[in-house]
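Undergrad: Read off the chains here:
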Amino acid sequence: AQSVTQPDIHITVSEGASLELRCNYSYGATPYLFWYVQSPGQGLQLLLKYFSGDTLVQGIKGFEAEFKRSQSSFNLRKPSVHWSDAAEYFCAVGAGSGGGADGLTFGKGTHLIIQP
Amino acid sequence: DAGVIQSPRHEVTEMGQEVTLRCKPISGHDYLFWYRQTMMRGLELLIYFNNNVPIDDSGMPEDRFSAKMPNASFSTLKIQPSEPRDSAVYFCASSFIPGYGYTFGSGTRLTVV
Chain H
3 AQSVTQPDIH ITVSEGASLE LRCNYSYGAT PYLFWYVQSP GQGLQLLLKY FSGDTLVQGI
63 KGFEAEFKRS QSSFNLRKPS VHWSDAAEYF CAVGAGSGGG ADGLTFGKGT HLIIQP
Chain L
579 DAGVIQSPRH EVTEMGQEVT LRCKPISGHD YLFWYRQTMM RGLELLIYFN NNVPIDDSGM
639 PEDRFSAKMP NASFSTLKIQ PSEPRDSAVY FCASSFIPGY GYTFGSGTRL TVV
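Chains as they are written, first to last, in this note's numbering: chain H, 3 to 118; chain L, 579 to 691.
Because the hints were derived from the structure by calculation, they are not lab data. A hint or two may mislead.
[Stated by the list, open to error] The calculated label-pair distances, taken between Cβ atoms and stated as ranges, are:
hint : chain 1 : residue 1 : chain 2 : residue 2 : range
1    : L       : Gln658    : H       : Ser16     : 44 to 52 Å
2    : H       : Pro118    : L       : Ser605    : 36 to 44 Å
3    : L       : Pro639    : H       : Gln117    : 15 to 23 Å
[What the hints assert, rightly or not] Among chain L residues calculated to face chain H with C-beta under 7 Å, some are:
hint : residue
4    : Ile604
5    : Tyr626
6    : Gly683
Even glycine gets a Cβ: it sits at the ideal position worked out from N, Cα and C.
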């Protein structure tokens with residue numbers, strides 16, 4: 003069975019500083035990987051996805067992520083964070099045909115705090 | 579496109595009562611997923627449908643939980659009878675091509691007292 007680990011429960015970053023959120027996955031086949039963001043009281047919004055091709059993928063809101071098969075990782079990065087980036091971030095792996103037809107398995111999330 | 583629409587946004591009910599959560603997926607999305615989010619367990623997949631047919635309900639915690647999708651534009655998740663441990667945020671998500679990601683609704687926050 004697939005699994006996702008987000009080692010950092012909380013991360014605090016100063017506004018304007020760079021950000022990296024870690025994600026490690028376990029999946030027997032080629033993974034479909036996703037990052038979602040959840041603001042308080044809201045649903046999850048898709049930031050970016052990877053399933054093939056260039057291992058560095060660009061997403062919305064200035065985020066990017068890099069797939070590293072050798073490390074089973076899919077870390078999320080942003081060069082300069084804004085106060086509005088404060089939220090909960092979830093990494094997910096898709097199972098089943100088409101990379102998610104059997105559901106997404108989510109990590110426990112990383113809570114991002116932005117210091118002024 | 580109004581996105582995935584869930585109702586109600588908040589539900590407070592007494593233990594033992596029946597609760598029905600509703601979801602309208604995005605038109606044209608053939609896949610519909612119900613998730614539950616709690617602090618302790620995170621996001622858990624409860625059940626999903628493809629073309630209105632339930633495919634896998636192994637995530638449904640107990641027989642008290644049931645879900646239906648009578649047509650392509652409507653799904654319900656029912657809990658009968660409800661218990662305090664069912665308190666959580668319940669999300670509905672839909673997808674046309676799952677490998678491209680899901681679109682989530684805003685969720686229903688259920689509190690059972």
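Undergrad: It remains to establish, for every hint, whether it holds in the given structure.
TA: Checked hints:
1. L:Gln658 <-> H:Ser16: 44 to 52 Å: holds (49 Å)
2. H:Pro118 <-> L:Ser605: 36 to 44 Å: Check passed, 42 Å falls within 36 to 44 Å.
3. L:Pro639 <-> H:Gln117: 15 to 23 Å: Given range 15 to 23 Å: violated, Cβ gap about 39 Å.
4. Ile604: At about 13 Å, which exceeds the 7 Å cut-off, the nearest Cβ of chain H leaves the hint on isoleucine 604 of chain L violated.
5. Tyr626: holds (6 Å)
6. Gly683: holds (5 Å)
In summary, the structure is inconsistent with hints 3, 4 from the numbered list given earlier, while agreeing with the others.
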